[in-house]
Amino acid sequence: MQPFDPSAFGFEQKLDKPGRPVEVVRKGLDLLATDLMELEEKLRSNDPEIDKYLAKTKTALLDVVYFPQLAAAQLIPPVLTHVKTVADAAPAKHQAQMMVMASIADDAVMCYAKIATLPEPVRAHVAGWFDTHLPGTTGLEWIMLIKAFGDQLATTIERYAKRATEGVPTGAPDAILTKAITAIGTTPLHKPRFTKEGITKVLHDRLSVLNERDFNRQYIAYILRITRANRGESEANLNDQAYCIAAEVDTKLGFCDGERMYLRDRNTGVSSCIHEAMHMLSSPAWKEALGDCLNEGATEHFSRVVCKQHNIPYDRSIYMWNVEVFTTIMKVAELDQSALEEAYFAGNVEKVRKAIVDISGEEGMRILLENYPTDEQTARKWLEHCKVYQRTCVVQ
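Using the numbering used here, you'd call the opening residue of the sequence shown number 1 and step up by one each time.
Calculated from the structure, these hints are not laboratory results.
Cβ atoms here follow ideal geometry from the backbone N, Cα and C, with glycine treated the same way.
All the given hints hold, so there is nothing to weed out.
Below, computed lysine-lysine pairings styled on BS3-like, alpha-carbon distance capped at 30 Å:
(1) K331 to K387
(2) K252 to K179
(3) K114 to K162
(4) K381 to K354
DEER-style ranges, computed between Cβ atoms:
(5) T155 to D315: 24 to 32 Å
(6) P121 to T186: 41 to 49 Å
(7) N311 to D265: 22 to 30 Å
(8) G198 to K351: 23 to 31 Å
(9) K331 to T186: 25 to 33 Å
(10) D106 to P188: 52 to 60 Å
Assemble the whole structure, with the sequences as input and the hints as a guide.
Right, dumping it as structure tokens:
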């Protein structure tokens, strides 16, 4: 059995001219149907190797619904509705695994149906909208995105269609982004991976300014994606966790998902754009090695360096505790700016990590990497731990 190749479907294909991509999608559905029929028989016969067939069918299902090909091609395949039928008839000891598959299939069918109800002129832009909102999509991002936008889906796609038709860049206000790019590019920060032109290339057309509703829904979709990506198989309360995090969406003024920067339309200061741009320019190794608290502290520190250089106003209360942790490390460990720049922008983090351990021990590092409810709680606990170590002469 040949694996289904989702990359064979191009997002740029028009819905009214599906051609070969739809044939490829249908092939994937045929493979799923074959696996599902085989699984149904194995469940009936209580085959001792049933776990192998369960895993095989789940893989085939995910291969089909991980990507928005079916939605873009307006296909609502019957085989997906059959997943629930098989799940309902499964023996009790296998029903939980089958219900997970049924839930995935039901979500996909619901999203396909939602797209099918869009007005024809809007549906014509669905493929392009997916391409813009889901660059390099993985997992069930597109399903989560549609769920998050809810009844605003048509309005969002219409807005995209208007920009695309008028030739206006999809990523929004040029003036804010241009000021941010200019300020970052002309500030004497050592950014080992980027020339001035490289900074422009990374940030160009990557800013979207959204109204309250659109921003909230985009942020929730982002949280759902990263929560699913980081979950373990034992975490049954995935959506509850994600929505608890997303419940704080009203406190967020901007965020960066690694591909785009988003600001609220009531928060269009250049300093906010600079902060999110720093996230785009930073090395993934920095956050992976040093955690959220220090990541935001360093990002805001470097943002302030740029703002001060160009007399750009900024809010000193933003990430105040995170910045204090970062500056404490700089002062106590006597790390110079170049070492921190090398760590933040190029990912050479060992010197910073060693400094943290020297200051506060492995326990201090653990505190920084743990997820506390607030930035302040994390910072206070780490700073107190640091003082204890200093008093006991760990740092000479």
